[in-house]
Amino acid sequence: MTRGGRIFALQLAALALAVLLLPLLVGNPYHLNVLNVMALMVIVVTGLNLLIGFAGHISLGHAAFFGLGAYVSAILSATYGLNPWLALLAAAAAVALLALVIGLPTLRLAGNYLVMATLGGNLIFTTVVLQMDQLTGGPSGFSGIPPLSLFGRAIVDDQSFYWLVWAAALLGLVVARNLAQSRVGRGLRALKDAPAAAAALGVDVARYKTGVFVISALYAGLAGSLHAHYFGIIAPKSFDIFVSVELVTMCLVGGMGSLWGGFLGAAFLTPLPQVLHVFEEYKDIFYGGVLLALLIYQPHGLAGLWARLRARRPLESA
Amino acid sequence: MSGAEQLSQFLISGLTTGAVYALVALGFCLIYNTTHIVNFAQGDFLSLGGLLLYSLLAGAGLALPLAFALTVLGTALVGAALERLALRQARSREVTVLIFITVAASVLLRGVFKEIWGKQALAVPSFSPETPLRLLGATFTPQNLWVVGITLAAIAGLGWFFNRTLTGKAMRAVAINPRAAALMGIDVERMLLYSFALAGGLGGVAGMLITPITTASYAVGVIIGLKGFAAAVLGGYGSFVGAVAGGLGLGLLESLGAGLLSSAYKDVIAFVVLLLVLFLRPQGLLGRGEAARV
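Order-wise, the sequence lines are chains A and B. When the count follows the numbering used here, it moves up by one through the first sequence with no breaks and lands on 656 for the last residue. When the count follows the numbering used here, it moves up by one through the second sequence with no breaks and lands on 496 for the last residue.
Pulled out of the complex, with its shape left as it was, chain A reads as follows (with noise of 0.2 Å):
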């Protein structure tokens, strides 16, 4: 095992530690739904973090593939009385199909068209959503969606499904992980920091980059599954614009493109509305002004300022 690869599982491993002991402090039901939720964001910003950091692209829509993931599991599995878990497997596979739709024409382009196209992709879901009533429940929301269940136990409590979406979201951040260190990830590293000699050395430029996207959308997608599963009702508000923009800060926040970077600001930025209740009225405000301090004077958010920190000396344009 390499040194890198010797320190991410020590990481790795004081994580699971702290997620299976925090159970042991917090014995108010509240909070286990906070970490609950803290863990699907971790999930979401992973995926868009592979993004951002092996593509050089944002992803604008990240909320869309989250209510994609959300509302085809629920309709699937309550409408049409299908098993949660194939209604799981079946919404990742309509997020995946509708990332390469978005993906393919704008991925091929130099410049930065996906973000604008996965801007308008979330807000067509958001007009589609609340037009079709009959089938998604319209602004109301849809509820009575069936939880998922294991061994023939419901996962319905907090408890519970905490066990499950923490495992997830480790498991998601070991995947990326190994993403990163294969050769896909080597040559998308590569093109980020040389376009032109990656393409010489045969890198697939634009194929990387929408397998890249295809995946990252996949983990916001099932992710949203879950979260559908977990709370049984889920409304059109929880996965418009300003929630993609809300995923991004935890991508800045925590340092675009490490990997736990994206985990830091999932576990930084989740629990602040829940903990500040006059923040809602003073939202945009304080998220824009958070990222564009933090984009002006700290483009590598958290994780940079620890490197920093580590290295002490100021770190170089990554």
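Just so you know, the hints here were simulated from the structure itself, not pulled from any lab data. Predicted, not measured: the structure shown is a model, and the values here were computed from it. Each statement offered as a hint is correct.
Below, a sample of chain A positions facing chain B; criterion: calculated Cβ distance under 8 Å:
| # | residue |
| --- | --- |
| 1 | Gly-394 |
| 2 | Thr-444 |
| 3 | Leu-447 |
| 4 | Ala-455 |
| 5 | Leu-457 |
| 6 | Leu-461 |
| 7 | Ile-462 |
| 8 | Thr-465 |
| 9 | Tyr-620 |
| 10 | Gly-626 |
| 11 | Gly-627 |
| 12 | Pro-637 |
Cβ coordinates follow ideal geometry from the N, Cα and C atoms, glycine included.
Using the hints, position chain B against chain A.
Leaving out everything else, chain B in the frame of chain A:
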């Protein structure tokens, strides 16, 4: 109403919204040409234009021409502030970071607008009394004429500025090659500032024109801004002629689509067009292959 009458009705409303999309698209192009970034706050300049006009007319009771001029000045200042206070200060020169600075500024501006003007829709009075006019069986208001007329005037003004004035020519030089322009003694930073101020002013004009029709609110510019972007892509991103053609084309397409197919999905049309154009002809309908493939 006969088919021909309906058609001319759709054409007039399409040209009106299309003119506004063209103004927004021009703002996108201005900033893209000098900095190579997409300015996500372009739509917020539009919101600000409508909101400022509302306050100056209804709140301060100013006459329309004065309120119009002050609003252009105000949005141009906000545009300049975005460049001077945010983008210029950035520690990183990565395009991704710079684009996201404009996204953050857009979120922040929306939050500030919401604090100042609230969430409700505000009725901005039309520029002249709303006596309906008729042309070829279509009914429209003088505001439609104002929109198209002022847009044409703004385009003509831009054409004069970029072709006939020294500052305009200097800005074009910076867009073509900033280093060479700097070597010729052009103050590149100043030209960047001007392009943001100009884009802000254009956004403000677009907002003042459209809000008497749509009402003003803190978020009215989000969707219109995105459609302006789609229009810019449609015409070939960065091309001024393309931006105008793309804006008018998208406006017409949307109005015809909403009238003939479904009005519920009106907002979807622009983005389907955007994806189709990116897929089939990424350099835009009039572009010369600027959107290079990777």
